[in-house]
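**Student:** As a plain string of letters, each chain reads:
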Amino acid sequence: MGFLSLLAAEAKSPVWGIFVPGQAGAFIAVLIFAILVYVMINRARAGQAVREIHKIAGLEALEEAVGRATEMGRPVHYTMGLPGITDPQTIASFPVLGHVAKTCARYDTRLINTVPDVVVYAINEEIIRQAYLEAGRPDAFNPDDVRFITDWQFAYVAGVLEILAAEKPAAQILFGGPFFAEAMIFIEAGALAGAIQVGGTASTSQLPFFVAGCDYALIGEEIYAASAYISKEPILTGTVVGEDFYKFLLFAVIILGTLVATFSSNNFLATFLKS
Amino acid sequence: MDWGILAGAICTIAVWTYLADHQNPIWELIQHIYIGLAYGWSIGYYWHTYIWPTFTGNKDSLAAGQWVYIIPIIAGLLVYTRYIPSIAWVARYPLSLALGWGAGYVLGFTPAVFIGQLTNSFYDLWTDSVSGTINNWILLLTLLGTVMYFFFTIRRDANPVMKGGVWLGRWAIMVALGAAFGNTVLYRYNLFYARMHYILGDWLHLAGG
Amino acid sequence: MEWALDIDRRWIWAIIFIIIGAVIIHPLGLPITVSPDTQKFYDTIQKLPEGSIILVGASYDIGAQGEITPMVKALAYQAFAHNLRLAVFDAAWVNGPKLAGQAIDQVAKEMGKKYGVDWINIGYKPGSSTTYQLITQDLISAAKNVDQTGQSLDQFPIMKDLPKVDKDHVAAIFAADIGSPGAGDAWLPYVSQPTGIPLLVGSITMSVAQNKPYVASGQFAAMLAGSRGAAEYEQLVGHPGAAAAQQDGQSLAAIYVTLLIVLANVAWLTTRKKAA
Amino acid sequence: MRKEIPMILTVLAGLFVIVAKYLFAVDQLGWFTTANRMYQVMYAMFFLLGVVSLTIVHGKNIQRRRSKWIYSLILLICMYGYGILTIQQTVEGPQANWIYNNILNPTDATIFALLAFFITSAAYRAFRVRTREATVLMITAVIVMLGVAPIGDTLIHGWNNVARWFMDVPNSSAMRGIALGAYLGSFAVALRILLGLERAHLGGAGQ
Numbered sequence: 341m342g343f344l345s346l347l348a349a350e351a352k353s354p355v356w357g358i359f360v361p362g363q364a365g366a367f368i369a370v371l372i373f374a375i376l377v378y379v380m381i382n383r384a385r386a387g388q389a390v391r392e393i394h395k396i397a398g399l400e401a402l403e404e405a406v407g408r409a410t411e412m413g414r415p416v417h418y419t420m421g422l423p424g425i426t427d428p429q430t431i432a433s434f435p436v437l438g439h440v441a442k443t444c445a446r447y448d449t450r451l452i453n454t455v456p457d458v459v460v461y462a463i464n465e466e467i468i469r470q471a472y473l474e475a476g477r478p479d480a481f482n483p484d485d486v487r488f489i490t491d492w493q494f495a496y497v498a499g500v501l502e503i504l505a506a507e508k509p510a511a512q513i514l515f516g517g518p519f520f521a522e523a524m525i526f527i528e529a530g531a532l533a534g535a536i537q538v539g540g541t542a543s544t545s546q547l548p549f550f551v552a553g554c555d556y557a558l559i560g561e562e563i564y565a566a567s568a569y570i571s572k573e574p575i576l577t578g579t580v581v582g583e584d585f586y587k588f589l590l591f592a593v594i595i596l597g598t599l600v601a602t603f604s605s606n607n608f609l610a611t612f613l614k615s
Numbered sequence: 004m005d006w007g008i009l010a011g012a013i014c015t016i017a018v019w020t021y022l023a024d025h026q027n028p029i030w031e032l033i034q035h036i037y038i039g040l041a042y043g044w045s046i047g048y049y050w051h052t053y054i055w056p057t058f059t060g061n062k063d064s065l066a067a068g069q070w071v072y073i074i075p076i077i078a079g080l081l082v083y084t085r086y087i088p089s090i091a092w093v094a095r096y097p098l099s100l101a102l103g104w105g106a107g108y109v110l111g112f113t114p115a116v117f118i119g120q121l122t123n124s125f126y127d128l129w130t131d132s133v134s135g136t137i138n139n140w141i142l143l144l145t146l147l148g149t150v151m152y153f154f155f156t157i158r159r160d161a162n163p164v165m166k167g168g169v170w171l172g173r174w175a176i177m178v179a180l181g182a183a184f185g186n187t188v189l190y191r192y193n194l195f196y197a198r199m200h201y202i203l204g205d206w207l208h209l210a211g212g
Numbered sequence: 209m210e211w212a213l214d215i216d217r218r219w220i221w222a223i224i225f226i227i228i229g230a231v232i233i234h235p236l237g238l239p240i241t242v243s244p245d246t247q248k249f250y251d252t253i254q255k256l257p258e259g260s261i262i263l264v265g266a267s268y269d270i271g272a273q274g275e276i277t278p279m280v281k282a283l284a285y286q287a288f289a290h291n292l293r294l295a296v297f298d299a300a301w302v303n304g305p306k307l308a309g310q311a312i313d314q315v316a317k318e319m320g321k322k323y324g325v326d327w328i329n330i331g332y333k334p335g336s337s338t339t340y341q342l343i344t345q346d347l348i349s350a351a352k353n354v355d356q357t358g359q360s361l362d363q364f365p366i367m368k369d370l371p372k373v374d375k376d377h378v379a380a381i382f383a384a385d386i387g388s389p390g391a392g393d394a395w396l397p398y399v400s401q402p403t404g405i406p407l408l409v410g411s412i413t414m415s416v417a418q419n420k421p422y423v424a425s426g427q428f429a430a431m432l433a434g435s436r437g438a439a440e441y442e443q444l445v446g447h448p449g450a451a452a453a454q455q456d457g458q459s460l461a462a463i464y465v466t467l468l469i470v471l472a473n474v475a476w477l478t479t480r481k482k483a484a
Numbered sequence: 017m018r019k020e021i022p023m024i025l026t027v028l029a030g031l032f033v034i035v036a037k038y039l040f041a042v043d044q045l046g047w048f049t050t051a052n053r054m055y056q057v058m059y060a061m062f063f064l065l066g067v068v069s070l071t072i073v074h075g076k077n078i079q080r081r082r083s084k085w086i087y088s089l090i091l092l093i094c095m096y097g098y099g100i101l102t103i104q105q106t107v108e109g110p111q112a113n114w115i116y117n118n119i120l121n122p123t124d125a126t127i128f129a130l131l132a133f134f135i136t137s138a139a140y141r142a143f144r145v146r147t148r149e150a151t152v153l154m155i156t157a158v159i160v161m162l163g164v165a166p167i168g169d170t171l172i173h174g175w176n177n178v179a180r181w182f183m184d185v186p187n188s189s190a191m192r193g194i195a196l197g198a199y200l201g202s203f204a205v206a207l208r209i210l211l212g213l214e215r216a217h218l219g220g221a222g223q
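Each protein sequence line maps, in turn, to chains F, E, A and H.
With the numbering used here applied, the first sequence corresponds to residues 341 to 615, in that order.
With the numbering used here applied, the second sequence corresponds to residues 4 to 212, in that order.
With the numbering used here applied, the third sequence corresponds to residues 209 to 484, in that order.
With the numbering used here applied, the fourth sequence corresponds to residues 17 to 223, in that order.
Chain F on its own, in the form it takes in the complex:
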């Protein structure tokens, strides 16, 4: 065993280079992505035309959901599932929360946000406070409506079920994530309360329930386009356009790689990308 590990150490003797061995392909992939996105952002900044994002029904429905709650005089419940500050899905959910909070402030409708993560809780409270301020209704913001429950999944579920039963929200928004089993319970409970439900997540295992149980559902990557779509900000839209260009590239790489795999036994493209 000792001898073996010695041999292994020998084999790994430093090979000087720019990149950590095995990371060059990954770095180039990220670099191209970053350049594409950066170029698109710069075009947007310079005021040049940027392609538009096609209509996303699920995001249009957020306004409808808040409107319904206003008509019925009942609150809106917003959940991000079991978020974590470093999770991209959570980050994608922040602007949507801000948008919903602003809409709620304008319509004078209560927004209840439940959070199972302490760090995200801190951020959400800030976002909602700010949204009420921007809507000119800072007095309407009630810090008790942003509720930290606990970071334990089913303690969170238990707490939210209690809130849903007591507050009977007319609209429920499940956006971002990551979502786990709690999503289905919330959707079922929301349906039981007769709430209009808008969902969106990239947590694949929960997607069937979003598609089957919510009135509107965003699938996978669509949630990452949300902040650009909502703000209509050309710079953010630029990042989405950059992504789309990258997908073309992806297309080309897959087709090229498939051709190589079909006509040659040695797939140099795969080897290069993994280098």
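The set of hints was computed from the structure by calculation and includes no laboratory data.
Built from N, CA and C at the ideal position, the CB exists for glycine as well.
There may be inaccurate statements among the hints.
Stated by the list, open to error - To give an idea of the interface, some chain H residues facing chain A are shown, with a C-beta separation under 7 Å as derived from the structure:
1. Lys84
2. Ala125
3. Phe143
4. Thr147
5. Val164
6. Asn187
On the provided structure of chain F, position chains E, A and H as indicated by the hints.
**Tutor:** Below, chains E, A and H alone, put in the same frame as chain F:
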């Protein structure tokens, strides 16, 4: 009499009362006990397995001479300033650091996984077996269709290729979500089976086989 | 057929109690065939040299113990019978190491294996992605040198062979996967991919569909596909247990839910036709 | 001061990880390991936030005698009582362990298992063949369900393999397509953070 199993059985049945009425006092009680215990447990757990050793452990701790840990400890504690309204903004410092760090992790580590998925999508479209060839064609076309479904800036009815790709992609996504749903149903029943086995087997000793 | 649409859901629920209760009291014992995926999982572990260490990534919670614990137990049976050593660790799910530790402890006592020599429970450490990455650089530091109960790690002989998680010290990683963070988005990018250690995954049934592309690409060296996979694995290891018993429940559940979906849609279609 | 420094911290932290991860020279210096250690300690210090928040929320309930305040009191007693017990004898201590195994564990597991009921009623009440897509989703679900459980193979020999084909071929590539898209989306979000375009965490809604 195993008092532990009895206590567990009572808790199990207490939770099931939720099915009869979702606002009954038994459920309310068990749920608050449970939330309290859950958090109480994690206090003790963090304390003994991380926090205390960071200060007094015999390796890699303050007591072992790693005084530099004072910096992250203070940085971490800054997050509690959010409970003091006048200086609540200070809590943004550690949070911003955490956010940037997380973004760095995403760009630093996931691309390698992404590349692994990509290079496995180079299908051999002419294999030795007929079934293998057909499967690879299906794999390739449904993959391309699914990627097309997520183009945001091209209208889905822009041209026939786009139309066909999105059509195929949507079917493939529905098949995948159906498979996920079927599996999820079984998963939920497996967990319920485990609870029923606890009541009928461990507690009442009725399990056969 | 309108009655079918107005059924109180508590009747639907009551039948669940009846069918699962019945199958526990009178098991069916339907035969199961071993799938190639499970066989590969078993063979991979069987081929590891004696004495090597498997890192058990206990990324699961109490709720998922019904499916994951049988896998961990069967893994312990195979590993200990083959004189492999186990180290339990996680950085995302606070309860996982406790539950996995309890399961392994039971098997270890049965097979006369010693804590600290043949297996160890490093426990849960906070930090998630950072901590997963840190264990590949310095395990003792990441664990602050204490195990699950707060005892010093460096007093245990097994830790002398496990200063960090890399290819020289760890032969394979078994990672439980109950969603996110799990095998695909924590163990793969932060531990397995940077170090090149083969990643064996124990997936809950729910995540099997979404984990399939990673099995195809070989990024997961092998995978136990949920309870069915665990039952097949128990059969290979020779200790049929909780997972094997669950298969009867699965069978009845599949039939029951299928019938419900058919009934509901027939009822819905006929009432809709009448309304039209 | 209140927004600029956090912004700078975000960008520096992110760039540091990327540079340390990819560039060989920086990798050799070992700074990344040191930084990881420091970050872990900082992160761990957040652990009391939940306890503090629960105490504030439920403390207010009790103080103002809100409806059901008695449950809040029970929650706090359980939390602090069990917290003190686990600190005193570690989580593996005899009483602490007994409570974990016989109260906490069965309760949590049973709450989780309630999902079997919700998924059944959801399937019964929400799943309709409204569209052709929904029909495909349901048919696949049934084929896979019966194929994974041993009953399918018992009824029709070979069903198992049909289910596996669905899982391995169309499911696998669609899941990969979704995953590739999700990866790109997450890269874009990370990039936006590092470019300072996503600053909701600093308190602004959207932009």
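**Student:** Determine for every hint whether it applies to the structure shown.
**Tutor:** Outcome of the hint check:
1. Lys84: violated (25 Å)
2. Ala125: The hint holds - H:Ala125 has a Cβ within 7 Å of chain A, the shortest such distance being about 5 Å.
3. Phe143: With a closest approach of 6 Å, the H:Phe143 hint holds.
4. Thr147: Where the cut-off is 7 Å and the nearest Cβ of chain A is about 13 Å from H:Thr147, the hint is violated.
5. Val164: holds (5 Å)
6. Asn187: Status holds, d = 5 Å.
The earlier numbered hints that this structure contradicts are 1, 4.
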